[in-house]
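Peer 1: Okay, here's what each chain looks like letter by letter:
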Amino acid sequence: MMMLKLIGLQLKVNFNLSALKWYFKHDFKRFAGLLGLVVLVIVGISPIFFLYLMLVEASYDILLPLGQTEVVLASALVLASLLVLLFGLAFVMSVFYFSRDLSLLVPLPLQPRDILGSKFLVVLLYDYLTVTPFFLPALWVYGVNTGAGVLYWVLGGIVFLLVPVIPLALASLLILVLMRFTNLSRRRDTLRLIGFFLLLAALLAMNFFISSIPLGEEAEFLENILLDEDGLISLTTRAYPPALYAARALTAGGRESLLNLLSYLGISAAGIILVLFVGQGMFYQGLIGGAEIQRGRVLSREDLARKTAGTSSPEWAIVIREIKILIRTPIYLINSLATAALVLIILLIPMFTGGGQISYYQGLAKMEPRVVPILGAAGLIGLLSLFAPAASSSFSREGRLIWVSRVIPVAPQKQIRGKVLYAMLVSSLALPVMALILVLLLNWSLMDTVLALAAGLILTFPAVTSNLLIDLLRPYLAWDSEQKAIKQNINVLLGLAAGVGIYYLLFLAGKAAYGLTAAERPVYLVVLGGAALLGAVFYAAMLLLAPQRYRDLGG
Amino acid sequence: MIKINDLSKSYNRGAVKAVNNLNLHVKAGEIFGFLGPNGAGKTTTIKMMVGLLKPDRGTLMISGYSITDQPLEVKKRIGFVPDTPEIYDKLTGLEYLNFMGDVYGVPGAVRKERIAMLLDLFEPGGAVGDLLQSYSHGMRQKIVLVGAMLHQPEVFIMDEPMVGLDPKSSNNLKNYMREHCNQGKTVFFSTHILEVAERLCDRIGIIHRGELIACGTMEELKKLSRDKETLENIFLELTEK
Chain A
0 MMMLKLIGLQ LKVNFNLSAL KWYFKHDFKR FAGLLGLVVL VIVGISPIFF LYLMLVEASY
60 DILLPLGQTE VVLASALVLA SLLVLLFGLA FVMSVFYFSR DLSLLVPLPL QPRDILGSKF
120 LVVLLYDYLT VTPFFLPALW VYGVNTGAGV LYWVLGGIVF LLVPVIPLAL ASLLILVLMR
180 FTNLSRRRDT LRLIGFFLLL AALLAMNFFI SSIPLGEEAE FLENILLDED GLISLTTRAY
240 PPALYAARAL TAGGRESLLN LLSYLGISAA GIILVLFVGQ GMFYQGLIGG AEIQRGRVLS
300 REDLARKTAG TSSPEWAIVI REIKILIRTP IYLINSLATA ALVLIILLIP MFTGGGQISY
360 YQGLAKMEPR VVPILGAAGL IGLLSLFAPA ASSSFSREGR LIWVSRVIPV APQKQIRGKV
420 LYAMLVSSLA LPVMALILVL LLNWSLMDTV LALAAGLILT FPAVTSNLLI DLLRPYLAWD
480 SEQKAIKQNI NVLLGLAAGV GIYYLLFLAG KAAYGLTAAE RPVYLVVLGG AALLGAVFYA
540 AMLLLAPQRY RDLGG
Chain B
0 MIKINDLSKS YNRGAVKAVN NLNLHVKAGE IFGFLGPNGA GKTTTIKMMV GLLKPDRGTL
60 MISGYSITDQ PLEVKKRIGF VPDTPEIYDK LTGLEYLNFM GDVYGVPGAV RKERIAMLLD
120 LFEPGGAVGD LLQSYSHGMR QKIVLVGAML HQPEVFIMDE PMVGLDPKSS NNLKNYMREH
180 CNQGKTVFFS THILEVAERL CDRIGIIHRG ELIACGTMEE LKKLSRDKET LENIFLELTE
240 K
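Chains as they are written, first to last, in numbering that gives the first Met the number 0: chain A, 0 to 554; chain B, 0 to 240.
This is chain A alone, in the form it adopts within the complex (with noise of 0.2 Å):
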């Protein structure tokens, strides 16, 4: 029961039920626009899921001569169920420890349970935002394509609400005992990141070897998939083994088909019953205890003199700021750093796992002109700074605290280049690990390799400097934990959109300047010249702006 009132709480301040209800009564134009920002969102991501379900379409077309149609609705339940499970990990630790609101439960006469469960079904809402855009087009091309009917779509709903269940409870129960054993140490906080960062190299070593192919029997290996008729379903759901039982309910007909269902709904009930138990035990022990900050020794006089007489430009000890919070907020870390290594991962992973992957990501590395294989690399690389969201919440994780750079006697235009050099240095880290591939992986030359690494560098700026202006713009200031500074802010989505469009638009420019020219030069000039120029002109858009904005931000 006080898990039923608790979880209404939750849903009314993760989801701001609260103030939408209030600013729909009082104040109509500001809930126009909430709901004209959401609308944006959508419209920017449609056509990255456009291209989703025509890649489905066409797999399903594919799939339709050998028999196995049902990989379509197979692969798709792995891949929302393993992205829920890998983003999850960061997710769970954020709301489950980080939120400022447990100070004011925790002393509360309720059980650890009840928060535990009205924490978990706020990450469940948030994951459909994850499951909805990789299953829905699935569920939608295989239902259309081979004619089903209501029972088809009922499955379909029921499915769809349990698609992130199962890999929520594993992340929780991973989250659970992790935090439960490190609060033990003294420096718990560098061995959660530790741990996390192993956790997760642990879960994506263990999907590799499960879906990778046996060395020496390919052929065999690949010919009894073929003939097999379920060969190709039970292979896809070998790296994520419950998706098997949703995709047959919706597949098999008939009796099976009600007999799969339950089998999942079953397991999925087992994952938060598991999860309430485990928890009961384990999360006041993981919890308690866990901002207790070790004290450092007592700093002698000269010391304090050593450490006092250096001085930086008002600039730099922005971006030093701006660095050792992020560096020192394991929210704020995990977020930036894994999720872009996260996808990194996830991008290099067909490398590793056999089948002739590497040689046809080998060819598609060496292919000519080289202008494309470059630009490729330095757009993964703008990429991946898109997904670090250092740049789309550098203003909204200022918070309460933006007082102090309201206050402070440093010019706004001096502040934002600070910020400007801060996102770029953070961005900067997919350098030299985008180096290491290209060179050691891909055996590219070291020419091509700078070529790419410097190209990449100047992509990244119309990335960072429209996500800076975007949160610029409209800072989410407002929150109480850090984790909805980052986590729960449309502007890292918004960013996102932002910088996807950017260089969807520049790959149509050097694609025009390709086929005008046939040369190379044209293209860089082209995109790169596009880039800087973008860059530059969202840098001088927040240049402007700024005075104005440092004077109302929060006021």
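Think of the hints as simulated: they come from the structure by calculation, not from any bench.
A hint or two may mislead.
[As the list claims (entries may be wrong)] Not everything, but these chain A residues come out facing chain B in the computed CB check (under 10 Å): (1) 311; (2) 316; (3) 325; (4) 327; (5) 398; (6) 402; (7) 409.
C-beta atoms are modelled at their ideal positions from N, C-alpha and C, and glycine is treated no differently.
Add chain B to chain A, keeping to what the hints say.
Peer 2: For chain B alone, kept in the frame of chain A given last:
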């Protein structure tokens, strides 16, 4: 030093007048206490003085510069302590002070001496090397005070600076305020502790429902009241009208 003319600020599209036609001049070398009941308009006035809120009407000059037209010139000359010491949890006390030193352009050698002197004054002890998230409310308040004093501002503006300070630090702050003003600088602060205002301030202003209802020295304020005993009585009499 501080010249406020016809200053007004309202909220909810004019429905709530937080500050209404405020006129106030604070001279150099003066400690000015700004008093008023909760919600009277003290914090709104202070926020307008430091550029955190935009006035609807009126002018606000500090050291000859307008906060609306030359905000950076004003900000260079003021030190500000807000009503709640909310600062960067993930910086150490020392990193915060170095950040303030950098943005106010305090040279390294001067900074070194001043930080050592101010830390001696407020004694946050060995805590300066620790993350601010481990500080108590009072310790944070001390670090915010030190950060605002680092560049020896011409005008020191504080919103409830004594809240959370231990008696010794509170006393040291009062002594520092007096020394600061003896050098020809100005202190403007709001407080609810009437005894402090009575003993420390050269002049006192009382704001009530957004309007300045009284302003002057203790002697001048006493003349406005029937009960001329204490500032508390004067305050209660004036604000309960």
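Peer 1: For every hint, state whether the structure bears it out.
Peer 2: Structure-based check of all given hints:
1. 311: Since chain B brings a Cβ to about 5 Å from residue 311 of chain A, closer than 10 Å, the hint holds.
2. 316: At about 4 Å, which falls below the 10 Å cut-off, the nearest Cβ of chain B leaves the hint on residue 316 of chain A intact, so it holds.
3. 325: holds, 9 Å
4. 327: holds, 4 Å
5. 398: At about 9 Å, which falls below the 10 Å cut-off, the nearest Cβ of chain B leaves the hint on residue 398 of chain A intact, so it holds.
6. 402: holds, 6 Å
7. 409: holds, 5 Å
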